[in-house]
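Combine both chains into one complex, guided by the hints.
For the record, the sequence lines run as chains Y and H.
To convert, take the position in the first sequence, counting from 1, and add 57; that gives this note's numbering.
To convert, take the position in the second sequence, counting from 1, and add 5; that gives this note's numbering.
Keep in mind that the hints were calculated from the coordinates and are not lab data.
Mixed in with the good hints, there may be bad ones.
Which residues of chain Y face chain H? A partial, calculated answer using Cβ under 10 Å [as the list claims (entries may be wrong)]:
#1 129
#2 130
#3 131
#4 216
#5 238
#6 241
#7 323
#8 326
#9 330
#10 352
Only a predicted model underlies this, so the values are computations on that prediction, with no experimental measurement involved.
Virtual Cβ for every residue (Gly too), placed ideally from N, Cα, C.
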Amino acid sequence: MTATPATTAATRPRSEATPARTEASRPRKRPRSRTRFAPYMFVGPAVVLFVLFMLLPIIYAAYISFTTYKLESGGIFGTQVQVFAGFKNYIAVFQDQALLTGFGNLALYSIIAVPLTLGLALLFALLLDTPGVRATRFAQTAIFIPYAVPGVIAALLWGFMYLPSTSPFSYITEALGWGTIPFLEQSGIYGSIGNIAIWGGVGFNMIIIYTSLRSIPAEIYEAASLDGANEAQIAWRIKVPLVVPALILTGIFSVIGALQLYSEPTTLKPMTDVISQTWVPLMTIYRNAFLTDDLPGAAALSVVLALGTVALSALVLWLSGRRNKGAQS
Amino acid sequence: MKKSKIATAVATLALSAIVLSGCSAGGSDGAVTLDFWSWAPNTQELVDVWNEENPDIQVRYTDAGGGKDSSAKLLTASRAGNAPDIAAVEYPTLPSLIVADVPLEITDYVSDVTANYADGTLALTTFDGHVMGLPQDVGPMALIYRSDLLAEWGIPVPTTWDEFRTAAAAVREANPDAYIASLPADQWAFYAGVATQAGAEWWSVEDGTWTVGIADEASLEVADFFEGLVADDLISTEPILTPEWNAKANRGEYISWPSALWAPGVIEGVAPETIGNWSMSPFPQWTAGDTGVANQGGSSVIVTKDSEHPEQAAEFVKWLNASDAGAELLINVQNAYPATTAGQESAINNAPPSLMPDQADYYSLAATIASNTIPVTWGPNVNVAESAFTDELQRAIANGTPWRDAFIAVQKTVVDDMTDVGFDITNK
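Just chain H, with the same shape it has in the complex (with noise of 0.2 Å):
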């Protein structure tokens, strides 16, 4: 009995001595070694191009899951004091990262690759002049449709929401079957996206005091608008990428998805059965003859405080994410559209994604709706309220009370929410 239990003990010992080894596998001879998150496809092969270019600086990549569970897995790894070295972000969640100071602020590391971004492009990584990411790739606003059966039905692609309306109409006296479209409640990236496009500012900031618009006049005529064409029956609310949804834009019953410039490829993926039917235009204006549209996903690079190679690591962020090299990688390895102006210039000579095959002008149209995005300033609790958001509209829709009042709902709990952490209001 003695002996087998000094043999556990050896055994547990050795055991311990491989975890804790694991932990601080550092590179010999000055070589470093960098952990990576991120949720991006084919990440892997990008982050393979680099080590095998930069044997100093190894990088060693973790999928960490998408935007949401990897952010709240990075701020929890974060408070633990483990955070990787260098992580994916998306736009909307890095100010939450910022006041739970997780990312580290690199102006002076990325000084030299600014000039790669557009203004409003930087922005999305930028506050008051501090630098804490670099942006990977946008999602301008856009909308891609069924171009055959709208061409069969005669009618015209919709440029402005009131002509979308119009046509949703159209659509559902050509099919009764059919829906211009389905907009559900958890589709509170596109919410926010076209309230911003019709002047709302959910957000914004100025001298440490915030300002919150989600029930400002701009978003609650937004809400009327959407809840009209809900109760007239014109757009659906069911949820969208079901299999439910899928076998509807299957059998032609979808008609288009307001949405932005990643579309294409995750139509591709869930209605096979629709490749080469499908055309991408200019998202839809609140005014006839406007061209700015909202940005709705896309990433950020940060580098994290727990890094103890930072300028390592921000050498990484700048190869992966402001380079000529990496735009061409994230371009066509990873199907991301880039967020610097060179890498949406080198993308127009691409050919079209593979589900609109005969939009030759796709990747210039691309560019031309991206150099016209609106920058949006996003709050530190942007989680509360796309949780509230989703809760609170699926509520009214379910029970037919009015959209506004959602909308009002969200408001009142984003602003108790951010009085309660100790956030200096103006319109409490």
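Bound-form chain Y, shown alone (with noise of 0.2 Å):
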């Protein structure tokens, strides 16, 4: 993560003794069965975990999207029964006309709010890391604290702000004369929802990419700044592009993290009429799991969601991978 390969080669001229290291540091020899128990030791507590709680709920999953329930004779209107379904639910994810408008919700609110994070994040980072800048530590808590308020209730302190009858803004807007701010209203539903995304995940990026601008050797500006580089220049064209590794990881995180939105819209739903049960992926599978009894219905959409979440980022990483090979060749 600290930098590119060619830095490191040019800061650490230890490098040339690399071939040699590996002729010394061939494993002496030890007793077989320690070394050969050690391991599995030390990974046992992690493998057992993460087939419990990760990987076993998984398949379950998996298995009850391929199931649905069907009414058999019995009891008073008949009783449901769990049976195979094959690709039932499958088919019906992609005939869902309520799911295609949430994925295109999540478009556009993906579209207001992770460049927005991203931008601010990068501003904010390159800002406290001119030099001369005062109160770095306070600025930086102050930029990060937003994201320690959980979700929900980030979600509800802004829902009181947006409400025409409790909103600052709009309480401003409206003794000049311009009548309230439509917050929660079809035209603005979007931006308030970004906004609330953006408020609480600016500060996360901005210490991933300004660890990262941390790391980045001192002897570079040094050496810019001789060749007369000011600090915009400097920022634009140094710490950017050797940050760029850092804005990939946070680009990711905010793609998968865009793809989840759920607990802002659901928060904010009862104050608003222009957010349905289905206004993002996550609230339909909630709404399919819990209110309408749809079990296999939700898992199935469960399944296509992560599946589709990692070739999203698959293809993120390898986007990023040639971009690199691309810069290096």
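Below, the structure is given as structure tokens:
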């Protein structure tokens, strides 16, 4: 995460010694029985926890997604039993019009939230990294604190600031005779929810980028300023290209985070009539699982969403890998 | 290292032993412990009274969240084979739980108390002669309104929906910021109630074959009526009980809340500045002179199939819901309107709710309203209907499309879902 291979080589002349080191560090002979079991014991707990709490639930969800509830005779109205359903639930997922609308909402939200979160995080990180800036600790904490506020509480807090009767912003615009701001109406809802995510997400991403900035060797800045570069040029020509790996990482986090949008719209839902129960895909999953008793449908959609997220992350990584390769050659 | 591993293993074993024993905590010396899920306020106090009097049947109460959360949880627990012995269930949800095989039939256990209920009330938990639970409280629909403002503006209290429309227009004229009420798309139970009043039967079942009537003629006319109110800006469709709605209610910008007998307690909590300014009257009717109203809200208590002590569980359910002692506690401790006839009669002597201290006849009026409730059959997928209804109507309001199209879309969703699961339906 620190820097590209080129800089490592430049700043660490020791690298010439590397081939010799391989010879020297050939493993000594040890009692075999100890080396054979020790690694397994170290990874054991993690593997057990992973299998119990990740792998098995995933397999179970995948299993449920291939079942459905069917009525059998017996009881007053008949009784529902779980039966194998093949790909029925998956076909339903891809035919669901509301889900498509949900992804559309998600896309609109992401277009607002992801670039602004990353852009602001980069801007704040660069500003904090500028020499001579005071009170960096304080500024860093102040920008980071919203990240520590749980999403539901953040959404409630902002919800009160959006509702016309309690909004300080609408209070001002109304006093100026411009009427209230349509935070919770169709025109403003994407920006309003995006704003909550940006407010909460900038601090976390800023810390990652800032840490990455701090690990750039100072010699490079010295060389740049000797060559006559000013601070803005150093930031744009040197710092930004060197923190690209951190930007990619935060980018992936932000995209995955955007796909998992749930608590903000769910919390705001009772305050507005423009957020439906299927406003974003995760809300659809919740509705299917816990409101309309369609656990198999919810499982199928979860599987599709998880695979989609993995594919999207892989695509971003692959693209950035290609870009890095291109830059090197 | 080896030592610490052994220590860990011992600790783990000890922990699991504690957890396991916690699961099977039966009582000693013949006493049984029953788990009870509900969400009604102050239920613990009621349970404490029972536990004091019945050392052999101890009840352990869990607040399992509101009606919807609670039934989702109950369904999941039941499928996993560890449902509580006793659970509160909202009336509309009961059929879906029966289809999922959650409640135990208690006809034989409760035969001595069924006479304590009016027929229409017992019908809420009785299906084809099988008693699947006992009604606890009911919510006959009623209109609560700002008597001070209506008097000040000279607007008569509406007794029919046509008068409601006239009153709504008069309110808009008297104060352009005020509406007579907000009836948003998520108030499914309200719309189901007024459709029932109009003669609609959203579900009915005969010999195992269902008929779905969400888009029957009566329902579509109800849709047209309320669409007209919204189109002419006579009612609002803003979500209710939000900080926004509460602020407006406090300011006197919502003049009424067409809901049910539980409403005064809610308003008292969210609009404390208006206490003393409200009154309750019978619900508006589609035809002048009619008296029938639907129930909105209320819950029953079931014994689950997972219970190992159904007889004792039924004893508790009977005491809580069908006995005079239970009714007394329901009224005074839980502030609920009891389902039993005797409970409703004994409520007459109570002081009116503190929201409307001047309305001395509140509880006798309530008893009259309750005696005229219309029996309703709820379907096995009310949850699907409610979810579809809210989203479809919300979209219709947002896009200005006809409400009857939303009702028709809900009908289709409900019928498709029932067909898919395997129910016989007459009007596919």
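Right, here's what the structure says about each hint:
no.: 1; hint: 129; result: 8 Å, holds
no.: 2; hint: 130; result: 8 Å, holds
no.: 3; hint: 131; result: 9 Å, holds
no.: 4; hint: 216; result: 8 Å, holds
no.: 5; hint: 238; result: 13 Å, violated
no.: 6; hint: 241; result: 9 Å, holds
no.: 7; hint: 323; result: 13 Å, violated
no.: 8; hint: 326; result: 8 Å, holds
no.: 9; hint: 330; result: 6 Å, holds
no.: 10; hint: 352; result: 8 Å, holds
Of the numbered hints listed earlier, those contradicted by the structure are 5, 7.
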